[in-house]
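Asker: Those sequence lines, one after another, are chains F and X.
Each residue of the first sequence is one higher than the last, beginning at 1 in the UniProt record's numbering.
Each residue of the second sequence is one higher than the last, beginning at 1 in the UniProt record's numbering.
No lab work stands behind these hints: they were computed from the structure.
All C-beta atoms in this analysis are idealised placements derived from N, C-alpha and C, irrespective of residue type, glycine included.
Be a bit skeptical, because a hint or two may be false.
Straight-line C-alpha distance at most 25 Å; calculated SDA-like pairs for lysine to any residue [unchecked claim]:
no., chain 1, residue 1, chain 2, residue 2
1, F, 228, X, 79
2, X, 293, F, 305
3, F, 228, X, 75
Computed beta-carbon distance windows for the label pairs [stated by the list, open to error]:
no., chain 1, residue 1, chain 2, residue 2, range
4, X, 232, F, 79, 18 to 24 Å
5, X, 347, F, 86, 53 to 59 Å
6, F, 344, X, 188, 51 to 57 Å
7, X, 324, F, 307, 37 to 43 Å
8, X, 31, F, 86, 53 to 59 Å
9, X, 278, F, 334, 50 to 56 Å
10, F, 79, X, 315, 38 to 44 Å
11, X, 278, F, 232, 17 to 23 Å
12, X, 232, F, 306, 26 to 32 Å
13, X, 306, F, 79, 42 to 48 Å
14, F, 136, X, 259, 38 to 44 Å
Protein chains: 2
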Amino acid sequence: MARGGSVPGFLLKKKKNMVLVKQWIYEMRPEADVSPANYRYEEVEQDLTPVRGEVVVEGAYWSVDPYMRIQQSSKDTWEAPHPTGEVQGAAVVGRVTCVGEGVTALKVGDWVETYMGWRSAGLRAVADCRLLNADEVSPSTALHVLGMPGRIAYFGLLEAGKPRPGETLVVSGAAGAVGSIVGQIGKLAGLRVIGVVGSDEKARWITEELGFDAAINYRQVSDVESMKQAFAEHAPDGVDIYYDNTGGVTTDAFIESMNLRARIIICGQISQYQSGLEVPNMGPRLLHHFLYKRATMTGVLARDYTARMDEMLRVMGPWVRDGKIKYNETLIGGFETLPEALCGLFTGANTGKMIVKA
Amino acid sequence: MARGGSVPGFLLKKKKNMVLVKQWIYEMRPEADVSPANYRYEEVEQDLTPVRGEVVVEGAYWSVDPYMRIQQSSKDTWEAPHPTGEVQGAAVVGRVTCVGEGVTALKVGDWVETYMGWRSAGLRAVADCRLLNADEVSPSTALHVLGMPGRIAYFGLLEAGKPRPGETLVVSGAAGAVGSIVGQIGKLAGLRVIGVVGSDEKARWITEELGFDAAINYRQVSDVESMKQAFAEHAPDGVDIYYDNTGGVTTDAFIESMNLRARIIICGQISQYQSGLEVPNMGPRLLHHFLYKRATMTGVLARDYTARMDEMLRVMGPWVRDGKIKYNETLIGGFETLPEALCGLFTGANTGKMIVKA
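So that you can see chain F by itself, here it is in the shape it has in the complex (with noise of 0.2 Å):
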C-alpha cells in the first residue's frame, strides 16, 4: 500500500508525508465550569508517516464524555490529572487512510475506533485500534452502545448489580450514553426500570421508545422528600438497585428509600463534578441506611473490563442489530465545535450519545 491513500480532501494540506493537523489542546485546568475558554485550538503540521506496526487514521466522529472533566481535577482519581497543554484524550471513530509495514490486520478505509484524542488525524499502531464492522451498524456506535459507554452499562447493571428479574431499577442520567442503554438492558434482564432525566422530552424518549417503565424528570422533583414519593408512585415494590450516574438528590431519595440488599452502582456523579471534586458540596449522612438495608454500594469503571470487551459485544451486538436495544446520538458538528459538546454534557445538551462529527 503506497503512502498517501487518503480520503480526498480531508487532511487538508498535503506535503510528501507531512499534514497538517488540527487539534484542541487541553490548556487550562477550570476552576468550576469547564467552558471553551480551558481549550486551545491549534492547526500544527505533523508527518504522519506510519513505521511498522502502525497506520494513520483519520477522524470521522469524537467523542466527548463526562470523565473527561473528572481528570480535569487537581487531584489524582483513577490516574494522574489529564496534563495541560497536550491534546484532550478521547475515543474517536475514523477510517485507516495509510498503513506501515507489516501491516496486515487493517487495510484502508477500515473503520477504527482508537483513544487518539481530539485531533483530526494521527499515527496508530494497530495494536491501539479497534476494527469496526461497519456493515450492520454505524462506526459511530463504536463511541457508545457497541464502544466504552456501553461497556461499562453491560458489565456494571449485569455483574455489580447482580439483577434478579422482578426487581425494580432506578437509572439516574438516564437519556445519557450509559443510563439509556442500562435501562434498556434492565428490562431485558426482566427488571421494571426507572429512569430519572432532565427534561419531559427526555422522559417520553425512554418510555415512548426505549420501554423504560416510568420516567421522572428530576428538574420538576424540588427535593429528597419529592424524589422519594415520586420512587414510591412508580415502584410500587420499592426499589432494589440503583445505577447511578449523576449523584445528588436522586442518589439520596434512592438511599433513603432502598429495599433489604439494595445495590447501588457508582458510575458516575456528574452532578459533581463541575466544583465538588475539589472542595466537596455537602449532603446528608446517609450511611445509616446501608445498616437497615444491608445495601451495598460499589463503584465501577470502563476500563476495568476493556479485556472483555468481545464479551459484551458478542451479547450487545445482536441486541443492537436487532433493535432491542435502540441509541440516541446528538451529532454536533464539525469538529471545532469539541469543546462546547463538552460543556454541554453538564447541561443536559445531549439525548443519548454527545458525538462530534467530522
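Position chain X relative to chain F; hints supplied.
Answerer: Frame of chain F; chain X shown alone:
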C-alpha cells in the same frame, strides 16, 4: 424440679409463683441525646410460673448497645421503632432458676443468654435461651466477644471485608465491643491494623494490650485532612479495608485515602445516632471516590448471622480461651444504672463492652 428453685435473695419478693420484677420501661422517644429521662423504672409483681417448655431466667448481666438508640428513631430502620411503654429490649445473661414441664435442655443453675430486655427476671421459652459454658470464660462474654458483637465483628470483617494478608485495616470505634474484636481478628488474618479511638488511654489499650499496630485518638485530630495525614503516617502502603462503627470524619478521611478496590464495612454510625437519624447531619459528598477506587461499601447487621452463631463460636471460642482474642468489660452496677450506662456509650465511657451487672 420443684418450682421456686431460685437463687436465694435474688428475687426480691416471692409469694407462691409471684415475683417482684424490676424493669426499665422505654417511655419516651428522645429528640436528640438519649437520657435516663427517656426511661421509667418500675417494680411489678408478675406470675413467673413456667408453662411447658419454659424456664425462669434471673438476669445477672444486662447489655446496653448502640443499636438501642437506632431503634429509638421515629422512622423504620431494620424494623419498626421500639414501642414506647414497653420494657427496653436487650440481651441478658442470667441463670435458670426454675424449669417448666418437659424441659430437658436446661436445668436450674444453668447460665443462658436470652433476649429478655431490661428486666430482673422473666419467663423464657427454652428455644429462646442459649446455654453457656461458664467453665471456660465468664458468662458475660456471651454479651460481647462470644455474642452478638463478636458475631458481627467476625462475619463483618471476614466475609464482607474479604481481607487478604498484608492489607491494612482501619477500625473506627476501635476500643468498643465490636471494634476491639475486629482489630484482633484482623491481626490474626495477617492485616496491619489501625484503630481510631476517643482517648489516649484507649489508644494505649488497643496497641499495648490488643496488638493493634497503631492507634489514632480522633479527639486530637481536628479535621479530615489531619485524619488523612494520620492514616498516611500509620499506613505506609495505604488503607484497604475500613470497618466503620462511627461514621463522620473518620469515614470521610478513609474514603479520600483508600486504595484501589477498598472495602468499607458499615457496622455502625454511632456519631450520627443522637440526632442524625431524624434529620441527617451534613457531610461532604464523596461518592466520586468510589469510581476512582472501584471501592465497595456494604452494610452488615448482626442478626443476619444469627443462624451461624455456632460457626463463629467454633473459631472464636478457642481464640478467647487461649488468649488470642482479649476483651475488656466496663462493668457498671447495678440494675438501676441501665439507662445511664446506655447514655455512656455515646460519650465513650466504655472501654470494651459496657455491661450492667446485677
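Asker: Check the following: the C-beta atoms of residue 136(F) and residue 259(X) are separated by a distance inside 38 to 44 Å.
Answerer: holds, 42 Å
Asker: Is 50 to 56 Å a correct range for the gap between the Cβ atoms of residue 278(X) and residue 334(F)?
Answerer: About 55 Å separates the Cβ atoms of residue 278(X) and residue 334(F), which means 50 to 56 Å holds.
Asker: Can you tell me whether the CB distance of residue 324(X) to residue 307(F) sits inside 37 to 43 Å?
Answerer: holds, 42 Å
Asker: Given a hinted range of 18 to 24 Å, is it respected by the beta-carbon distance of residue 232(X) and residue 79(F)?
Answerer: holds, 20 Å
Asker: Given the hinted pair residue 228(F) and residue 75(X), is their alpha-carbon gap at most 25 Å?
Answerer: holds, 15 Å
Asker: Taking 25 Å as the top limit, are the C-alpha atoms of residue 228(F) and residue 79(X) close enough?
Answerer: holds, 19 Å
Asker: Given the hint of 53 to 59 Å, is the C-beta distance from residue 347(X) to residue 86(F) inside that range or not?
Answerer: With Cβ atoms ~54 Å apart, the hint holds.
Asker: Looking only at beta-carbon atoms, does the pair residue 306(X), residue 79(F) fall within the given range of 42 to 48 Å?
Answerer: Between residue 306(X) and residue 79(F), where Cβ atoms are some 44 Å apart, the hint holds.
Asker: State, for the Cβ atoms of residue 278(X) and residue 232(F), whether the hinted interval 17 to 23 Å holds or is violated.
Answerer: holds, 20 Å
Asker: Assuming the hint says 53 to 59 Å, is it satisfied by the Cβ distance from residue 31(X) to residue 86(F) or not?
Answerer: Given about 56 Å between the Cβ atoms, the range holds.
Asker: Could you tell me whether the CB distance from residue 344(F) to residue 188(X) stays inside 51 to 57 Å?
Answerer: This hint holds: roughly 54 Å between Cβ atoms.
Asker: Assess, step by step, whether the Cα of residue 293(X) is no farther than 25 Å from the Cα of residue 305(F), and give holds or violated.
Answerer: holds, 14 Å
When held up to the earlier numbered hints, the structure conflicts with none and fits them all.
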